[in-house]
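K.L.:
Residue numbers (my numbering), protein chains in the order written: chain W, 1 to 520; chain F, 1 to 520.
Simulated from the structure, these hints should not be mistaken for lab results.
Please note that a few of the clues may not be correct.
Same chains, same label: a pair holds when it works inside one copy or across any pair of copies.
Unchecked claim - DSS-like mimics (lysine-lysine), calculated; alpha carbons at most 30 Å apart, straight line:
#1 Lys-212 / Lys-472
#2 Lys-185 / Lys-202
#3 Lys-160 / Lys-202
#4 Lys-472 / Lys-202
#5 Lys-455 / Lys-336
#6 Lys-455 / Lys-103
#7 Lys-285 / Lys-401
#8 Lys-217 / Lys-472
#9 Lys-202 / Lys-217
#10 Lys-181 / Lys-217
#11 Lys-212 / Lys-185
#12 Lys-401 / Lys-103
#13 Lys-49 / Lys-520
#14 Lys-217 / Lys-160
#15 Lys-181 / Lys-212
#16 Lys-185 / Lys-217
#17 Lys-455 / Lys-472
#18 Lys-401 / Lys-160
#19 Lys-472 / Lys-336
#20 Lys-202 / Lys-181
#21 Lys-202 / Lys-212
Each chain, written out:
Protein chains: 2
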Amino acid sequence: MLSRRHFINLVGSAGGVSAAYGTMAAMGLLPIPEAYAGPPPLPPGAGTKVIILGAGIAGMVAALELGRAGYDCTILEARHRPGGRNWSLRGGDVVDEIDSRQKIGWDRADHLYLNPGPARLPHHHQGILGYCRELGVPLEVIVNDNRNAWFQDDRAFDGKPQRARAVINDSRGYVAELAAKALDKALLDQPLTAEDGEGIRKFLRSFGWLDKDMAFKRTPRSGWAEEPGGGVQAGRLNAPLDLHQLLAAGFWAGPSTFGEGWEQAATMLQPVGGMDRIGEAFGRKLRHRIRYGAEVTELRRTAQGARVIWRDGPRGPTRASEAPYVLVTIPFPVLKTIPADFSPAVTAAIHALEYQAAAKIAFQCDRRFWELDDQIYGGISWTSREITQIWYPSAGIHQAKGILLGGYLWSTGLADAFSALTPAERIEHALASGERIHPTYRRNAAQGISIAWTKIPFSRGAYAGWTAATLKDHYPTLLEPDGPFLFAGEHVSHITAWQEGAVRSAHFAIAALGERVRTK
Amino acid sequence: MLSRRHFINLVGSAGGVSAAYGTMAAMGLLPIPEAYAGPPPLPPGAGTKVIILGAGIAGMVAALELGRAGYDCTILEARHRPGGRNWSLRGGDVVDEIDSRQKIGWDRADHLYLNPGPARLPHHHQGILGYCRELGVPLEVIVNDNRNAWFQDDRAFDGKPQRARAVINDSRGYVAELAAKALDKALLDQPLTAEDGEGIRKFLRSFGWLDKDMAFKRTPRSGWAEEPGGGVQAGRLNAPLDLHQLLAAGFWAGPSTFGEGWEQAATMLQPVGGMDRIGEAFGRKLRHRIRYGAEVTELRRTAQGARVIWRDGPRGPTRASEAPYVLVTIPFPVLKTIPADFSPAVTAAIHALEYQAAAKIAFQCDRRFWELDDQIYGGISWTSREITQIWYPSAGIHQAKGILLGGYLWSTGLADAFSALTPAERIEHALASGERIHPTYRRNAAQGISIAWTKIPFSRGAYAGWTAATLKDHYPTLLEPDGPFLFAGEHVSHITAWQEGAVRSAHFAIAALGERVRTK
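Pulled out of the complex, with its shape left as it was, chain W reads as follows (with noise of 0.2 Å):
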């Protein structure tokens, strides 16, 4: 009788890993879960030896797992700490881009930082969430998306900000009535009952703050003119944005519905006093399996497994390790440049597969104006020029100082051009839009610094850009072991751009890795 393992290890011999994992769905034994089931389970590892090239989450996150399961972990790192994008910036700190050298001169607190890379944790990214839980890193939340922040356009309202919740709710009325006026013909038109039709204008009615006539004149959700307090002030509503300019600004393509998103919608966490907490948590609990310094230069397969050769610090010796199996996790615009002996397929999938360019920039600011002047705590303002947000901290309410997120651009031609400006360039263009959104930007906003993530070294690239094309004809082959060579990173998952596509690319890679040993 054909075992249940033996069939899926024959599926898997002809069809690979992502072939047994979709047979073995198919058959009931690994059900795709709703949602987050935790790390695979492994075969024990025996003292297997694993090299791991990065030291980043997906790394870091294989290296616990595999350890856990007996495996021999050696993570080679070219930087001097853990985290590789997951890291934050302080007073004291340098950020060095390919072509420039910028020391921070913030002043020193708890509050006082900046996630130049991933800077929020969505609630339902169990994975990543799941190591805070256990590493201990304390979380709290974010403010993400923010009633009270801007919304700018230089196409509209001539160019001056509006307040999102007007954008917003003042769009949900306009909607509305307009729904309204289809119930009509909808109720002559369609199977639709005397009774649908009351109910549906009940909603409509709710979800618009219509009047008794299906119009929409104003809402409280969209603010006050005069806000209602003690003693007199019964307040004066706001009259609703006009629909034109509405139309003409850009808000309807991104900014109005992004609290709405799968991947934005709230809750939104981070780690108390930035990112990087949980890269150096990782790297306490790896500390004896980390080679910090250790830039990779040569991937060659032997007949036992594969050789890493790389160098011991910039100007350190030459190394060689060995093992049956490398989990390569150093990003492609980086790993393309080293000379390896990875398959045509694999060669061609890392050629293939493009980067997005994304920058931050952010500011020192010694008075919290967005807090004093504008009653803004946490989230984003949205400009439709190229600095396109503005984030406000989260953490330190109420403090004097504060660190101010001054643009976050990720759309690439943007990202390009502004990653091609020199920093000071840099700070005067944030300067020029920030002060179109809050008028005393210039002279609150101090000690600009920035990060280009194509000029980062060891990054190159802020995070992975598939296009439908080159998922389909690059993707599957990365999710198969090219010989010794595994692969991780947010650039194998389906969540690019979050550190949890990391974790769960991570979790895939070393339950791939796990079958290899167990089929051996």
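Guided by the hints, dock chain F onto chain W, whose structure is given.
P.N.:
Showing chain F alone in chain W's frame:
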């Protein structure tokens, strides 16, 4: 020449303070600010005595500001703590209602507390937030609107709870599709250009996640049947919720628009460690001004002002204090039981204003099942059942234990019925409903503690419930000094039920007091 001040005083004499206030505003002397402009300027107090009844937020704000201006304030407070309805409960505390006593056996830890009264600070409540800043009360973000929380209605979906994200975004999809249907007709009927039409179509597509044919099929905003993950896990979207079920449920009547509300929209804040941090901070600042355990028993007019008779402790001696001004912040359900020389109009107002009943119940949970099983971090689940809401703590994330708010009832009928139950009955009631949302609820929720505000001594109600009729007939009466008596508290504001109302009413009252001193 009639000076401006003289004219205002004339108006003040004829029409009262509110008329004077309106006149000053109209003359541009006292512009009604778009947003909060801070406490009012006061004429020097020069030791003028003011007795303040109640060390709640209104009374303490008044004492702080009057004290700064040189007035000699004494606060009489019946309780043995400052804050009034600003209150937090922890392990070891006792809850006395008029007919029961509950001892709280919860563990002691910074994150294990309940705010039985106010529990949220909206970002635009700059009065109370300003005092937090001034008094050094650390604040943190509280999740109010969580897209991963549950909406449960016995009338729909077989009573099975649905994720907020699905309810909210499938509703958006249906509304946008309906609106799109009206668009063609609108283009024919109305002076809309083809360009407008194309703009609105793009907008609606984005608003509701419609496809190119303007149909709503499904959206990742509503969540996934299988979430995207690492390796092969591309994810599979949920089908939309059935429209008829959505209409059958009452979600649209509150829960699904809750997060858009003026007073509920993000950003929402809370003091770190409990709402009573605010009351305590005021109490420390005013420690030489507050007489605790001082229960007022009579309020009399004298030739020079007023005499307050009070009992110095429950079995203590009766004392009398006199002052030219008495600021009364005692909630009306209590005030109406105190013999007082108020004018007939004020007495009528005190009796006419009905207070809302409200009740809360909370449990200690030794396992944060909402985080572990439901990926809910903070925010509120809603149910059509009497408990109305379940609140999840925004602090103590990933700690072992937590205090869960197992019900917050405020609509009068529901809260009255719940308040009539014994504490033990309330627990059973809340568990029976809670387990409709969380299957393991009964196993995890222990040591239930409930607070029915109508039964809490010295409050006897949750907050003022002005109706259109009482607001018209009686509210203005409270804005005028009644001889030596002035009134403050959330009930003398257009922000009832919020601490901001108390702050702003205090500012209004001390401005009136200052005006009286100025013109005396």
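K.L.:
So, for every hint listed, does it hold in this structure?
P.N.:
For each hint, the structure was consulted:
1. Lys-212 / Lys-472: Only across copies: Lys-212 and Lys-472 sit 23 Å apart there, 52 Å inside one copy, limit 30 Å.
2. Lys-185 / Lys-202: Both, since 17 Å and 22 Å are each at most 30 Å.
3. Lys-160 / Lys-202: Answer is between: at 23 Å across copies they meet the 30 Å cutoff, but 35 Å inside does not.
4. Lys-472 / Lys-202: This pair counts as between: shortest inter-copy Cα distance 29 Å, intra-copy 46 Å.
5. Lys-455 / Lys-336: Within one copy only: 16 Å inside a chain, 72 Å across chains, cut-off 30 Å.
6. Lys-455 / Lys-103: Within one copy only: 16 Å inside, 61 Å across.
7. Lys-285 / Lys-401: For Lys-285 and Lys-401, only the inter-copy Cα distance (25 Å) is at most 30 Å; the intra-copy one is 33 Å.
8. Lys-217 / Lys-472: between (49 Å within a copy, 24 Å between copies)
9. Lys-202 / Lys-217: both (16 Å within a copy, 23 Å between copies)
10. Lys-181 / Lys-217: both (15 Å within a copy, 22 Å between copies)
11. Lys-212 / Lys-185: both (19 Å within a copy, 22 Å between copies)
12. Lys-401 / Lys-103: For Lys-401 and Lys-103, only the intra-copy Cα distance (19 Å) is at most 30 Å; the inter-copy one is 43 Å.
13. Lys-49 / Lys-520: within (15 Å within a copy, 90 Å between copies)
14. Lys-217 / Lys-160: within (22 Å within a copy, 36 Å between copies)
15. Lys-181 / Lys-212: Both ways: Lys-181 and Lys-212 sit 13 Å apart in one copy and 21 Å across, limit 30 Å.
16. Lys-185 / Lys-217: both (23 Å within a copy, 21 Å between copies)
17. Lys-455 / Lys-472: within (29 Å within a copy, 66 Å between copies)
18. Lys-401 / Lys-160: within (26 Å within a copy, 47 Å between copies)
19. Lys-472 / Lys-336: within (20 Å within a copy, 75 Å between copies)
20. Lys-202 / Lys-181: Both, since 14 Å and 19 Å are each at most 30 Å.
21. Lys-202 / Lys-212: both (9 Å within a copy, 28 Å between copies)
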